[in-house]
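Modelling step: build the complete structure from the supplied sequences, incorporating the hints.
Residue numbers (UniProt numbering): 1 to 167.
If you're looking for bench data, these hints aren't it; they were derived computationally from the structure. You may find that some hints are simply not true.
[As the list claims (entries may be wrong)] Below, simulated SDA-like cross-link-like pairs (lysine to any residue); rule was C-alpha separation at most 20 Å, straight line:
(1) Lys-163 with Glu-121
(2) Lys-101 with Val-71
(3) Lys-152 with Gln-81
(4) Lys-152 with Ser-80
(5) Lys-163 with Val-68
(6) Lys-101 with Asn-111
(7) Lys-42 with Arg-134
(8) Lys-101 with Lys-42
(9) Lys-94 with Glu-78
(10) Lys-42 with Ile-110
(11) Lys-101 with Val-160
(12) Lys-43 with Asp-130
(13) Lys-43 with Lys-101
(14) Lys-32 with Gln-151
(15) Lys-95 with Ser-80
(16) Lys-101 with Arg-134
(17) Lys-94 with Ile-162
(18) Lys-163 with Arg-45
(19) Lys-95 with Ile-38
(20) Lys-101 with Gln-81
(21) Lys-95 with Arg-134
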Amino acid sequence: MIGLIGLVLVTANQTRNSTQQIDQPRQSKTQKYQPLSIATFKKNRKIQYAGIIYYAINHVNIQRWQEVSDVSLGWQVELSQANNIVRYLVWPDKKITSQEKQLTPNWFEINDQQVIYHSFEVHTAQKDEDQHYRTSESRIVNQINSDHAAQKVRRMSQNVVIKGQHR
1 MIGLIGLVLV TANQTRNSTQ QIDQPRQSKT QKYQPLSIAT FKKNRKIQYA
51 GIIYYAINHV NIQRWQEVSD VSLGWQVELS QANNIVRYLV WPDKKITSQE
101 KQLTPNWFEI NDQQVIYHSF EVHTAQKDED QHYRTSESRI VNQINSDHAA
151 QKVRRMSQNV VIKGQHR
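Written out as C-alpha cells, the structure is:
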C-alpha cells in the first residue's frame with residue numbers, strides 16, 4: 001500500500017514538472033541583420049579587402065576572379081607599387097608560397113573611393129590583355145548589405161593575410 005502511494009506521488013510530481021516545462025515560453029533568438037557601414041569598410045583593411053573580394057566573386061563579370069572563390073582557402077593580398085599606383089594582388093590561398101605564384105594574379109586598385117578590378121587575360125592572342133571593371137566603395141558596401149552578406153564578409157576577413165606595404 002505504501003509502495004502504491006509512493007508510486008502515485010512520484011508520477012504526479014513528474015507530470016506536474018513536465019507540464020510546467022511545456023507551459024513555459026521558449027526564448028527564441030532572432031538575430032537582427034547588422035549591416036556593414038562604409039566607416040567600418042574604410043577603417044578595417046581586412047574587412048575592406050574581404051568586401052572587395054566578395055563583390056568580385058559575386059558581382060564582377062570577369063571569369064578569372066572565380067579563381068579566388070574558395071572561401072575556405074582564404075586569400076593573400078599583396079601590396080605592390082608600380083607607376084605610383086598601389087596594386088592589391090589577390091592570391092587564391094592565404095598560405096600560398098612564392099614558388100606557387102607563377103601566374104599573374106587578379107588585382108585591384110583603390111583610387112578616390114573607386115575600386116578598379118583587373119585581371120590578366122591568360123589565353124589571348126593579344127599581348128598584355130587586361131580586363132577591368134570599375135565600381136565605387138559605396139556600391140560595394142551597398143551590394144553587400146543588399147545581399148545580407150555583411151556577416152559573411154566579416155568571416156571572410158578572418159581569412160585574409162596582408163603582405164607588403166600599408167597604404
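Going through the hints against the structure:
1. Lys-163 with Glu-121: Answer violated: Lys-163 to Glu-121 is near 24 Å, above 20 Å.
2. Lys-101 with Val-71: holds, 19 Å
3. Lys-152 with Gln-81: Cα-Cα ~29 Å, so violated.
4. Lys-152 with Ser-80: violated, 27 Å
5. Lys-163 with Val-68: holds, 17 Å
6. Lys-101 with Asn-111: With a Cα-Cα distance of about 26 Å, the restraint between Lys-101 and Asn-111 is violated, given a limit of 20 Å.
7. Lys-42 with Arg-134: holds, 18 Å
8. Lys-101 with Lys-42: violated, 28 Å
9. Lys-94 with Glu-78: holds, 10 Å
10. Lys-42 with Ile-110: Judged against 20 Å, a Cα distance of about 11 Å means the pair holds.
11. Lys-101 with Val-160: Answer holds: Lys-101 to Val-160 is near 17 Å, not above 20 Å.
12. Lys-43 with Asp-130: violated, 29 Å
13. Lys-43 with Lys-101: violated, 29 Å
14. Lys-32 with Gln-151: Distance ~11 Å between Lys-32 and Gln-151 Cα, so the pair holds.
15. Lys-95 with Ser-80: holds, 18 Å
16. Lys-101 with Arg-134: It is violated: about 25 Å lies between the C-alpha atoms, which goes past 20 Å.
17. Lys-94 with Ile-162: Holds - the C-alpha atoms of Ile-162 and Lys-94 are around 9 Å apart, at most 20 Å.
18. Lys-163 with Arg-45: holds, 12 Å
19. Lys-95 with Ile-38: violated, 29 Å
20. Lys-101 with Gln-81: Distance of about 17 Å is within 20 Å: holds.
21. Lys-95 with Arg-134: violated, 28 Å
Checked against the numbered hints given earlier, this structure breaks hints 1, 3, 4, 6, 8, 12, 13, 16, 19 and 21; the rest are met.
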